[in-house]
Amino acid sequence: MIFYGITRAIFNSYYGRFLDLARKLNIEELLTELNERIRGLAYRDILTVVSKDTEMIINNAIKSRDPKIVIEIVDKIKKGLWKPPQEFDDAVRSYESGVKALAFLESLYYSANNKEWFLKKVITPAAIPIVGILLVYSIAMNPNDIIMISLTTFILSIIIGILVVYPPESYRRYASKAVAALEKIRRVKKGENYYERCINIIKGELGEFVEES
Amino acid sequence: MSLLKNLSRLDYLLLVLGLLSNGGKEIVSSRTKLMKIMYLLQKENNMLVEELTGSKEPYVFDWYLFGPFSVDVLNDLDKLSQEGLVDIVLEEKETYIQYNYMLTRAGRERFQKILKEVDKRIIYSLENYLSKYKQMSASQIKRLVYRKYLSEIELSS
Chain S
1 MIFYGITRAI
11 FNSYYGRFLD
21 LARKLNIEEL
31 LTELNERIRG
41 LAYRDILTVV
51 SKDTEMIINN
61 AIKSRDPKIV
71 IEIVDKIKKG
81 LWKPPQEFDD
91 AVRSYESGVK
101 ALAFLESLYY
111 SANNKEWFLK
121 KVITPAAIPI
131 VGILLVYSIA
141 MNPNDIIMIS
151 LTTFILSIII
161 GILVVYPPES
171 YRRYASKAVA
181 ALEKIRRVKK
191 GENYYERCIN
201 IIKGELGEFV
211 EES
Chain P
1 MSLLKNLSRL
11 DYLLLVLGLL
21 SNGGKEIVSS
31 RTKLMKIMYL
41 LQKENNMLVE
51 ELTGSKEPYV
61 FDWYLFGPFS
71 VDVLNDLDKL
81 SQEGLVDIVL
91 EEKETYIQYN
101 YMLTRAGRER
111 FQKILKEVDK
121 RIIYSLENYL
131 SKYKQMSASQ
141 IKRLVYRKYL
151 SEIELSS
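Going down the list, the protein sequences come from chains S and P.
Everything in the first sequence is counted per our numbering, starting at 1 for the first residue and increasing by one.
Everything in the second sequence is counted per our numbering, starting at 1 for the first residue and increasing by one.
Hint data in this document are derived by calculation from the structure and do not stem from the laboratory.
Some clues are possibly wrong.
[Claimed, not checked] Mimicking DSS-like on lysine-lysine, the simulated pairs with C-alpha atoms at most 25 Å apart in a straight line are:
#1 S:K63 - P:K134
#2 P:K79 - S:K52
#3 S:K177 - P:K148
#4 S:K189 - P:K148
#5 S:K83 - S:K24
#6 P:K134 - P:K93
[What the hints assert, rightly or not] Short, incomplete list of chain P residues facing chain S, as computed with Cβ under 10 Å:
#7 D78
#8 T95
#9 I97
#10 R147
If you're wondering where the values come from, they're calculated on a predicted model, not measured in any experiment.
We treat Cβ as the ideally placed atom computed from N, Cα and C, and that holds for glycine.
Input sequences plus hints: build the corresponding full structure.
Structural data, given as structure tokens:
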């Protein structure tokens with residue numbers, strides 16, 4: 001019981017808040033929707049940039065009174081030789097970084113979820129044998145001292161508890177940012193641009209990971 | 001002394017371009033950078049913008065996946081070019097075309113006229129404010145906008 005309590009407390013300190021927020025937000029469903037929406041939003045962004053570029057091409061042709069300019073540009077576009085404006089790169093990159101940020105948040109969630117599954121399905125039933133082994137080990141180490149037996153068992157329980165639930169490096173580094181993102185998303189009212197806002201928040205909070213990857 | 005009348009949006013944009021280009025002596029590089037500066041100016045200095053234009057938000061910025069963007073800024077840049085006040089200087093980069101802007105002679109004259117119309121205190125504040133961003137690259141400004149304002153904006157509406 002004490003061993004399970006210690007392990008559970010350590011688990012909660014690492015994953016508790018994140019999992020709690022993730023469940024309140026129904027994150028699996030939300031991430032699925034965000035992954036679907038991001039493509040449409042990227043399409044809108046790219047189309048905005050492309051239509052502005054097209055307008056510029058047509059305006060230049062009108063200004064120069066030479067329709068050949070348009071024909072030449074269309075030819076270049078067909079051959080893949082037309083260089084888009086800088087905003088096009090921004091739109092494409094922001095789509096890519098958005099997809100990466102969503103995938104990363106998903107991986108953090110599954111990492112936390114898997115640990116919880118392990119804690120519930122493996123550690124809970126194994127708690128009694130584990131503590132039994134620890135107790136035998138403690139008695140062997142300190143045969144006549146009850147206080148030392150209890151202390152050794154307790155310390156070993158903590159060490160094993162930490163080893164069992166210790167999160168991977170990426171989770172340790174970004175969990176607080178993921179929590180910040182989820183807290184912000186909870187405050188976003190559903191309505192116009194809801195999904196876009198969520199994506200931007202996730203990108204904003206997990207941007208450091210996206211830049212590094 | 002304050003403004004005799006509010007600046008039109010085109011004059012306001014020309015004023016910013018003039019101050020960023022050291023009175024038209026230098027090129028204003030990167031349309032993306034200019035776009036973000038216009039956004040930051042409205043966001044961080046809306047009182048000043050209001051004194052200049054009569055509106056705290058002369059440009060309506062929408063949030064795209066790549067950050068704040070206003071088609072009106074691009075349209076106004078095109079108008080300035082069509083009126084012969086600004087030259088669009090295209091710079092071919094490895095994967096894209098970068099749009100840079102340079103004040104023409106007529107643009108510089110117009111800029112000087114605007115300077116005379118506007119309170120020196122406002123010009124000084126604006127110049128001082130813009131100097132913060134003048135030396136920054138487009139990507140540095142983009143990062144700044146993203147980190148500083150993303151959450152606030154996304155949650156506010």
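Do the hints match the structure? See the list:
1. S:K63 - P:K134: With Cα atoms ~32 Å apart, S:K63 and P:K134 exceed 25 Å; violated.
2. P:K79 - S:K52: Holds. P:K79 to S:K52 sits at ~13 Å (cutoff 25 Å).
3. S:K177 - P:K148: Cα-Cα ~15 Å, so holds.
4. S:K189 - P:K148: The given pair, whose Cα atoms are some 21 Å apart, holds under the 25 Å limit.
5. S:K83 - S:K24: Violated, at about 45 Å.
6. P:K134 - P:K93: Holds: P:K134 and P:K93 sit about 21 Å apart, inside 25 Å.
7. D78: holds, 7 Å
8. T95: holds, 6 Å
9. I97: Holds - the Cβ of P:I97 comes within 10 Å of chain S, reaching about 5 Å at its closest.
10. R147: OK, holds: P:R147 within 10 Å of chain S, min 7 Å.
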